[in-house]
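K.L.:
In case you want the letters, here they are:
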Amino acid sequence: QLQLQESGPGLVKPSETLSLTCTVSGGSISSASDYWGWIRQPPGKGLEWMGTINFSGSSSYNPSLESRVTISVDRSKNQFSLKLSSVTAADTAVYYCTRLCSGGVCRLDYWGQGTLVTVSS
Amino acid sequence: QAVLTQPPSASGTPGQRVTISCSGSSFNIGTNSVHWYQRLPGTAPKLLIYTNTQGPSGVPDRFSGSKSGTSASLAISGLRSEDEADYYCAAWDDTLSGWVFGGGTKLTVL
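Protein chains in written order, with the working numbering: chain A, 1 to 121; chain B, 1 to 110.
Since the hints were made in silico from the structure, they are not lab data. It is possible that some hints are incorrect.
[To be verified] 30 Å max Cα-Cα, derived DSS-like pairs, lysine-lysine:
| no. | chain 1 | residue 1 | chain 2 | residue 2 |
| --- | --- | --- | --- | --- |
| 1 | A | Lys-83 | B | Lys-46 |
| 2 | A | Lys-13 | A | Lys-83 |
| 3 | A | Lys-45 | A | Lys-13 |
| 4 | A | Lys-77 | B | Lys-106 |
| 5 | B | Lys-106 | B | Lys-46 |
| 6 | A | Lys-83 | A | Lys-45 |
| 7 | A | Lys-13 | A | Lys-77 |
| 8 | B | Lys-46 | A | Lys-77 |
| 9 | B | Lys-46 | A | Lys-45 |
[As the list claims (entries may be wrong)] Chain A is faced by these chain B residues, among others (derived, beta-carbon under 8 Å):
| no. | residue |
| --- | --- |
| 10 | Ala-2 |
| 11 | Phe-27 |
| 12 | Thr-31 |
| 13 | Pro-41 |
| 14 | Gly-55 |
| 15 | Ala-75 |
| 16 | Trp-92 |
| 17 | Gly-98 |
| 18 | Trp-99 |
| 19 | Thr-105 |
Beta carbons: idealized from backbone N, C-alpha and C, even for Gly.
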């Protein structure tokens, strides 16, 4: 059974960079047909797709965040990571890592538990 | 403001059938598949329905999905107390070139 687990600081100061890692277990992040991503949910708001990455490091981002977000992959650790720069209180959210696609089927079939990141001084 | 529109709340009594709607546009639901997720309190979202109507193994067939034009629906029959959760729809959006979601519907079992 595939499992995803987010990790990283729960508190980030305004203007700093938010960094989270997603560790994948029970499967390999190096499958050529798989795509992985980050999705967030600010308090009281809906879910927002942040970006996507595959095993080779090819990525795409939500245009609303593209200037601030970077997603990378570390195949040796079976992990992928999120960096969001110049954070403000509006970036306070629960952040989820997900498997977006597998075997040519895109359906966001596995999610991490989510981690709350608060932006505050 | 979510791209896909869902009612914020829905309710029903045990045994009833409840439907949750999800409305979009020709750029997302009208062209691409709709997926549904259940999020129980304090847990990760769980895939409930994919590709409009398909249920993953392990999901009870009390849950069903449909799509017509730019709208989709999730139906839950034989409502149970454990169905009390938040439900979200999602679809690929061709203008965003990314995923869009509904705002979520909180289902209460009375």
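K.L.:
If a hint holds in the structure, say so; if it does not, say that too.
P.N.:
Hints versus structure:
no.	hint	in the structure
1	A/Lys-83 x B/Lys-46	holds, 25 Å
2	A/Lys-13 x A/Lys-83	holds, 14 Å
3	A/Lys-45 x A/Lys-13	holds, 21 Å
4	A/Lys-77 x B/Lys-106	violated, 37 Å
5	B/Lys-106 x B/Lys-46	holds, 15 Å
6	A/Lys-83 x A/Lys-45	holds, 21 Å
7	A/Lys-13 x A/Lys-77	holds, 28 Å
8	B/Lys-46 x A/Lys-77	holds, 25 Å
9	B/Lys-46 x A/Lys-45	holds, 19 Å
10	Ala-2	holds, 4 Å
11	Phe-27	violated, 14 Å
12	Thr-31	violated, 14 Å
13	Pro-41	violated, 12 Å
14	Gly-55	violated, 11 Å
15	Ala-75	violated, 19 Å
16	Trp-92	holds, 7 Å
17	Gly-98	holds, 5 Å
18	Trp-99	holds, 4 Å
19	Thr-105	violated, 11 Å
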